[in-house]
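**Q** These protein sequences, in sequence, are chains A and B.
In terms of the UniProt record's numbering, the first sequence has 109 at position 109, counting the first letter as 1, and numbering is strictly consecutive.
In terms of the UniProt record's numbering, the second sequence has 322 at position 322, counting the first letter as 1, and numbering is strictly consecutive.
Just so you know, these hints were derived from the structure itself, not from any lab.
Misleading hints may appear alongside valid ones.
To be verified - Derived pair list, reagent style DSS-like, types lysine-lysine, alpha-carbon separation capped at 27 Å:
hint : chain 1 : residue 1 : chain 2 : residue 2
1    : A       : Lys194    : B       : Lys536
2    : B       : Lys355    : B       : Lys491
3    : B       : Lys419    : A       : Lys116
4    : A       : Lys194    : B       : Lys528
5    : B       : Lys365    : B       : Lys481
6    : B       : Lys355    : B       : Lys564
7    : A       : Lys111    : B       : Lys560
8    : B       : Lys419    : B       : Lys528
9    : A       : Lys111    : B       : Lys428
10   : B       : Lys537    : A       : Lys147
11   : B       : Lys361    : B       : Lys127
12   : B       : Lys560    : A       : Lys157
13   : B       : Lys419    : B       : Lys490
14   : A       : Lys116    : B       : Lys490
15   : B       : Lys564    : B       : Lys540
16   : B       : Lys540    : B       : Lys491
17   : B       : Lys491    : A       : Lys194
18   : B       : Lys428    : B       : Lys492
Keep in mind it's a predicted model, so treat the numbers as computed, not measured.
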Amino acid sequence: MGASQSARTEHEFQDLADRTGFSLEQIGNLNKRFRQLSKNEETLSRQDLASISALDNNPLRAQIINAFFDKRNLRQNEAGTVQVIGFEEFLMVMSHFRPAAMHITEEEREKLRREKLRFVFNMHDTDSDGTITLEEYRRAVEELLSKAGTIGQETAKAIADAAMLEVASTTRGKMEPDEFYEGITFENFLQILKTFDIETRMHVRFLNMDTATMRCGK
Amino acid sequence: MSLSFLERGLLLLVMLIFLEGTVLTLGAASSPDISAQDNTGGGHDRRDDHRGIAGSHEQTNYTYTKKAFPVLSLDYHHIQVPFEISLWVLLASLMKLGFHLIPRLSGIVPESCLLIVVGLLVGGLIKLAGEEVPPVLDSNLFFLCLLPPIILDAGYFLPIRPFMENIGTILMFAVVGTLWNAFFVGGLLYAVCQIEGTYLSQVELLPCLLFGSIISAVDPVAVLAVFEEIHINELLHILVFGESLLNDAVTVVLYHLFEEYSGAGEVTPMDVVLGVICFLIVSLGGIAVGAIYGILAAFTSRFTSHTRVIEPLFVFVYSYMAYLSAEMFHLSGIMALIACGAVMRPYVEANISHKSHTTVKYFLKMWSSVSETLIFIFLGVATVAGPHAWNWTFVSVTVILCLVSRVIGVVGLTFIINKFRIVKLTTKDQFIVAYGGLRGAIAFSLGYLLNKDHFPMRTMFLTAIITEIFFTVFVQGMTIKPLVDLLAVKKKQEAKRSINEEIHTQFLDHLLTGIEDICGHYGHHHWKDKLNRFNKKYIKKCLIAGERYKEPQLIAFYHKMEFKQAIELVESGGGVKLPSAMPSQVSMQNIQPKKLPPAVAERALPQFTKGREEEIRKILRSNLQKTRQRLRSYNRHTLVADPFEDGWNDFLLKKQRMIELEKKMSNYLTVPAAPPDSPTMCRARLASDPNAFYNIKASSEGVPTIQVDLASPQSPDSVNMLNEFSKRGAKDQGLGQREVATRDEDQGLMMKPSSAGKEEKGEEEGGNKNPGLMRCLSDPGPSNEDEEDEPFLP
Chain A
1 MGASQSARTE HEFQDLADRT GFSLEQIGNL NKRFRQLSKN EETLSRQDLA SISALDNNPL
61 RAQIINAFFD KRNLRQNEAG TVQVIGFEEF LMVMSHFRPA AMHITEEERE KLRREKLRFV
121 FNMHDTDSDG TITLEEYRRA VEELLSKAGT IGQETAKAIA DAAMLEVAST TRGKMEPDEF
181 YEGITFENFL QILKTFDIET RMHVRFLNMD TATMRCGK
Chain B
1 MSLSFLERGL LLLVMLIFLE GTVLTLGAAS SPDISAQDNT GGGHDRRDDH RGIAGSHEQT
61 NYTYTKKAFP VLSLDYHHIQ VPFEISLWVL LASLMKLGFH LIPRLSGIVP ESCLLIVVGL
121 LVGGLIKLAG EEVPPVLDSN LFFLCLLPPI ILDAGYFLPI RPFMENIGTI LMFAVVGTLW
181 NAFFVGGLLY AVCQIEGTYL SQVELLPCLL FGSIISAVDP VAVLAVFEEI HINELLHILV
241 FGESLLNDAV TVVLYHLFEE YSGAGEVTPM DVVLGVICFL IVSLGGIAVG AIYGILAAFT
301 SRFTSHTRVI EPLFVFVYSY MAYLSAEMFH LSGIMALIAC GAVMRPYVEA NISHKSHTTV
361 KYFLKMWSSV SETLIFIFLG VATVAGPHAW NWTFVSVTVI LCLVSRVIGV VGLTFIINKF
421 RIVKLTTKDQ FIVAYGGLRG AIAFSLGYLL NKDHFPMRTM FLTAIITEIF FTVFVQGMTI
481 KPLVDLLAVK KKQEAKRSIN EEIHTQFLDH LLTGIEDICG HYGHHHWKDK LNRFNKKYIK
541 KCLIAGERYK EPQLIAFYHK MEFKQAIELV ESGGGVKLPS AMPSQVSMQN IQPKKLPPAV
601 AERALPQFTK GREEEIRKIL RSNLQKTRQR LRSYNRHTLV ADPFEDGWND FLLKKQRMIE
661 LEKKMSNYLT VPAAPPDSPT MCRARLASDP NAFYNIKASS EGVPTIQVDL ASPQSPDSVN
721 MLNEFSKRGA KDQGLGQREV ATRDEDQGLM MKPSSAGKEE KGEEEGGNKN PGLMRCLSDP
781 GPSNEDEEDE PFLP
C-alpha cells in the first residue's frame with residue numbers, strides 16, 4: 001500500500017471512528033476481518049457471511065445474517081433490505097454491540113438502551129411494519145428452539161403465546177373479549193424489557209481482537 | 001408478630017428457665033468428645049472425678065439395696081452426649097425464634113451480633129455457676145460438623161451465571177487480595193513488634209506472617225449472615241461472597257506453609273516455589289475432588305426413580321464425602337464442597353422428583369441455619385472461656401491494620417480489574433466490598449488449632465483474633481445496613497422473572513455468539529456456547545435419566561412457571577382471583593388473529609357467556625353436599641374408580657374447579673401432551689391436564705374406543721373431563737352450548753345412563769384426545785411410584 005493510500009485510509013478511518021464511536025485500532029481490526037470475509041472485495045454479500053462455518057450451529061443464523069442487510073439497522077429510515085454492504089455499513093451494524101462507557105449520563109444510557117433494543121426489535125419484526133405480531137413472535141421462538149428437536153417445536157408455540165399474553169396484560173391491562181391486541185410496538189417492547197439490563201449485556205469485546213484469532217473464524 | 005404482651009413475657013420466661021437449666025447441665029459435665037483438644041487439664045480431672053464418684057455411687061447403691069428394685073432412677077451418663085448436643089441445638093433454635101419476636105431489635109442489630117451476645121451470656125452464666133466452660137468451638141467439631149452444611153448450602157444454590165461472569169474479579173480478590181492482606185498485616189505487625197517498649201520483641205517474623213494469614217481471610221459464614229439481611233444487589237453479593245469462598249485455598253496453603261516453617265525459622269525461595277505449586281494443587285485438587293463426587297452423585301440420581309425417598313440422602317452424603325476426602329489430602333475442602341454442589345445440581349434436579357427437590361432445599365436451609373446460629377453462640381462462649389492475653393498494642397494495631405490493608409487492597413485491585421471489566425466497579429461498590437470483608441469463626445478455629453508449644457504467643461493471637469472478629473461483626477455488621485441506605489447502593493431486584501426476559505436472555509446468548517463468530521473473535525460467548533453444546537451432547541446423556549436431557553432451558557423454565565401458577569391457583573382456593581401474575585383478563589382470544597368467519601368464531605369461543613356461567617354455578621352449588629373438598633385428596637386412582645360409587649358430587653365439584661381453573665389458566669393454554677418422561681411435564685402434568693387437549697390436532701377422526709388401563713372401562717369422569725376440555729379445543733366442533741345443556745339435565749340422574757350418553761359424544765370428539773389423557777393418567781412416567789398420595793392438582 002502506497003503512502004497516499006494509507007493516508008487516505010487513515011482519514012477514512014478517522015471519519016468512521018467519529019461517526020460510529022469505535023477506536024482507530026478497533027476499526028483497523030474490523031477492517032481486516034471485513035477484507036477476510038469479503039475476500040478482499042469492497043462489498044460483503046449474504047453468501048460471504050453464510051459461509052462462516054462457526055455459524056452453522058447457531059439457531060439464529062438466518063436472522064443474524066439478515067440483520068446485517070436490513071436497512072433499518074443501517075441508520076437509514078426506510079424499510080427493506082440491501083443486497084450487499086460496504087465496510088461502513090458493516091461497522092454501523094457492529095456499533096450496536098459496543099459496550100457502554102463507564103461514565104455516561106442517564107440520558108445517554110437511555111439512548112443506548114433504545115438503540116440496542118431497537119436492533120433486537122428489528123430482528124423480530126421481519127415485515128418491518130413496526131409491530132411484532134403473534135406470528136412473528138412465534139416464528140422467533142421457534143427459531144430459537146429449532147435445535148431442540150420435536151419437543152421444542154411443540155412448546156414453542158405455547159411459549160410464544162404465553163409471552164404475548166404477558167406483554168398484552170402488562171401493557172394493556174384489561175381487555176374485553178372482543179378486543180384484539182395487534183402486536184408488540186416498540187414502546188411496549190421497551191416497557192416489558194425494562195428490568196432487562198441490555199446495555200450491559202449486549203456487547204462484544206472488541207478490545208482483545210487480533211488478527212491471529214481472526215483466521216480461525218472461517 | 002402480633003403476640004400479646006403476656007404471651008411474649010411467658011415465652012421469654014420459658015426461655016430464661018431453659019437457659020438456666022442448660023447452663024447448669026452443660027457446665028456440670030461437659031461432653032467428652034468435645035474436649036478433643038484438652039487445654040483445661042484441671043477440668044478434666046474434675047470430670048473424671050465426677051464420673052468416678054457417680055459410678056461408685058451407683059455401684060454402692062446396687063450392692064447395698066439389692067432387695068429394693070429401683071423403680072425410678074437417674075442415669076445421666078447414658079444419654080449425656082446426645083442430650084447435650086440436642087440441648088445446644090435447641091437453645092440455638094429458640095434463640096433464633098426469640099429474636100424474631102422482638103422485631104425492633106432484629107431490625108437494628110444483625111442476628112449474628114445478637115447470637116454472639118447470647119453466647120457471651122451463656123458462657124458467663126456457666127462461669128458464674130462455678131463450672132468449667134466447655135471448649136465448644138473445638139476445631140474438629142467446627143470443621144467437620146458445623147462448617148460443611150453452610151458451605152454446601154452456599155455451593156448448591158450458588159447462582160452460576162453471575163458467578164461465572166465475574167469469576168475473574170472474584171479470583172483476583174480472593175487470591176491476590178488475601179495474599180496482599182496477609183503479608184501487609186503480618187509484615188507491619190512484625191515491624192511494630194520490633195519497636196521498643198511494646199514488650200513484644202519475642203514475636204518473630206514467621207509467626208506474625210502466620211497470624212496475618214489467619215486473620216486476613218474473609219469469612220463466608222459472617223458474610224452470609226450479614227449480607228443476607230441487607231439485600232444488596234446481586235453483583236456485590238456474589239463478589240464478596242465468592243471471594244470469601246475461594247480464599248480458602250490461599251488460607252490453607254499459607255497456614256500450612258508458615259506453620260511448617262515457623263519452627264525452622266526461615267523460608268527459602270525454594271519453599272516459596274513449592275508454596276505456589278501447593279496452592280495450585282490445593283485449589284485445583286479440591287475442585288477436582290468435588291467435581292468427581294458431583295458427577296457420581298448425578299450418575300446415581302439417574303437410577304433413583306424407584307426409591308424416591310432416599311434421593312436427598314445421596315445429595316448430602318456425596319457432598320459430605322467430597323468434603324472429607326478433600327480434607328484428608330489437605331486440599332481445600334470448601335472448594336470441593338462448592339464444586340460438588342455446583343456440578344451435581346443441574347443433573348440431579350433433572351432427575352429427582354419434585355418432593356425430593358423440596359426436601360433437599362429445606363434440609364440444607366435448616367442445617368445451615370442451625371449451624372450458623374451455633375457457630376455464633378459458640379464464639380460467644382469461647383470468648384468467655386478464654387484464656388486471654390490482652391496486649392493493647394498488638395490488638396489495636398491488628399484491628400487498624402486489617403481495615404487499612406483491606407481498603408488499600410480493594411482500591412488497588414479494582415483499579416487493575418476495571419481495565420478488563422465491561423461493567424466497571426464504582427467507588428460505592430468498592431466501598432461495600434471493602435467494608436463487607438468480615439472475619440469470623442474460621443479465623444478463630446484456625447488460631448485454636450495452633451500448637452501451644454510451637455507458638456507461645458498463641459493466647460495473644462487468639463485474643464487479637466476474637467477482638468477483630470467482634471469488631472467486624474459488631475461494628476461493621478451493624479453499620480453496613482444504614483450505610484447501604486445512605487449511599488443509595490443498588491438493592492436486589494425483587495422483580496419476578498418473566499417469560500419475555502427468559503426468551504431474550506437465550507436470544508441474546510445466541511445473537512452474541514453469532515456476532516462473535518462473524519468477527520472471528522473467540523470470546524466469552526463462543527466458549528460458553530461450545531461448553532453448552534458439549535454438555536448437551538455427551539454429558540447430559542449419561543447423567544440424566546430418560547428423555548429429559550433433550551429439554552432446553554427455555555422450555556424447562558416455561559414449565560416451571562406453569563407449574564407454579566397452577567399451585568398458586570389451587571392453594572388460593574380456586575375461586576379466588578390471583579393477586580399476582582395476571583391481574584388482567586387478557587386471554588388467548590385477544591391475541592389470536594381472527595381467521596375464522598365470525599359465526600364459527602362465536603361458537604369456537606372457549607369461554608362461556610356470563611349468563612351461562614351463572615346458571616351452571618347455581619346448579620352445581622345446589623347439588624353439592626360437601627361445600628368444600630380439598631382437591632389434594634384426589635389422585636389418579638379415585639379419578640377413574642370413584643364415580644361408580646359416590647363420586648358424583650366430588651365430580652361436580654371437580655368440574656366447577658375445572659371451569660374456573662380453565663379460565664385462570666387461559667394464559668398457558670397450548671401445552672400439548674409432552675412425552676410423559678419429561679420431569680417438568682410430570683410435575684406439571686396434572687396441572688396442565690386440562691389444557692393438554694387444547695391443541696392436539698384432530699388427526700384421526702373417530703377413534704372408536706377409549707383405552708383405559710385401570711379399573712373401569714369408561715368412567716364418566718374421564719370422559720366428561722374430555723368433554724369439558726374438548727370444548728376449548730372445539731374449534732371445528734361447535735359443541736359448546738349443547739354440552740352444557742345435556743349436563744344440566746343429567747343432574748340428579750343415575751350414573752350409567754348419563755355416562756352412556758356422554759360416552760358417545762366423548763368418543764367422537766374425545767377420541768383423539770384419549771391418548772393424551774390416558775398417557776397422563778395411566779402411566780405418567782418415572783413418577784409413577786412417586787407419590788401415591790400425590791394430589792390430582794399438586
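**Q** For every hint, state whether the structure bears it out.
**A** Checked hints:
{"no.": "1", "hint": "A:Lys194 - B:Lys536", "result": "32 Å, violated"}
{"no.": "2", "hint": "B:Lys355 - B:Lys491", "result": "32 Å, violated"}
{"no.": "3", "hint": "B:Lys419 - A:Lys116", "result": "23 Å, holds"}
{"no.": "4", "hint": "A:Lys194 - B:Lys528", "result": "26 Å, holds"}
{"no.": "5", "hint": "B:Lys365 - B:Lys481", "result": "23 Å, holds"}
{"no.": "6", "hint": "B:Lys355 - B:Lys564", "result": "14 Å, holds"}
{"no.": "7", "hint": "A:Lys111 - B:Lys560", "result": "35 Å, violated"}
{"no.": "8", "hint": "B:Lys419 - B:Lys528", "result": "22 Å, holds"}
{"no.": "9", "hint": "A:Lys111 - B:Lys428", "result": "24 Å, holds"}
{"no.": "10", "hint": "B:Lys537 - A:Lys147", "result": "12 Å, holds"}
{"no.": "11", "hint": "B:Lys361 - B:Lys127", "result": "39 Å, violated"}
{"no.": "12", "hint": "B:Lys560 - A:Lys157", "result": "16 Å, holds"}
{"no.": "13", "hint": "B:Lys419 - B:Lys490", "result": "22 Å, holds"}
{"no.": "14", "hint": "A:Lys116 - B:Lys490", "result": "23 Å, holds"}
{"no.": "15", "hint": "B:Lys564 - B:Lys540", "result": "25 Å, holds"}
{"no.": "16", "hint": "B:Lys540 - B:Lys491", "result": "36 Å, violated"}
{"no.": "17", "hint": "B:Lys491 - A:Lys194", "result": "16 Å, holds"}
{"no.": "18", "hint": "B:Lys428 - B:Lys492", "result": "15 Å, holds"}
In the structure shown, a violation is registered for the earlier hints numbered 1, 2, 7, 11 and 16, in ascending order.
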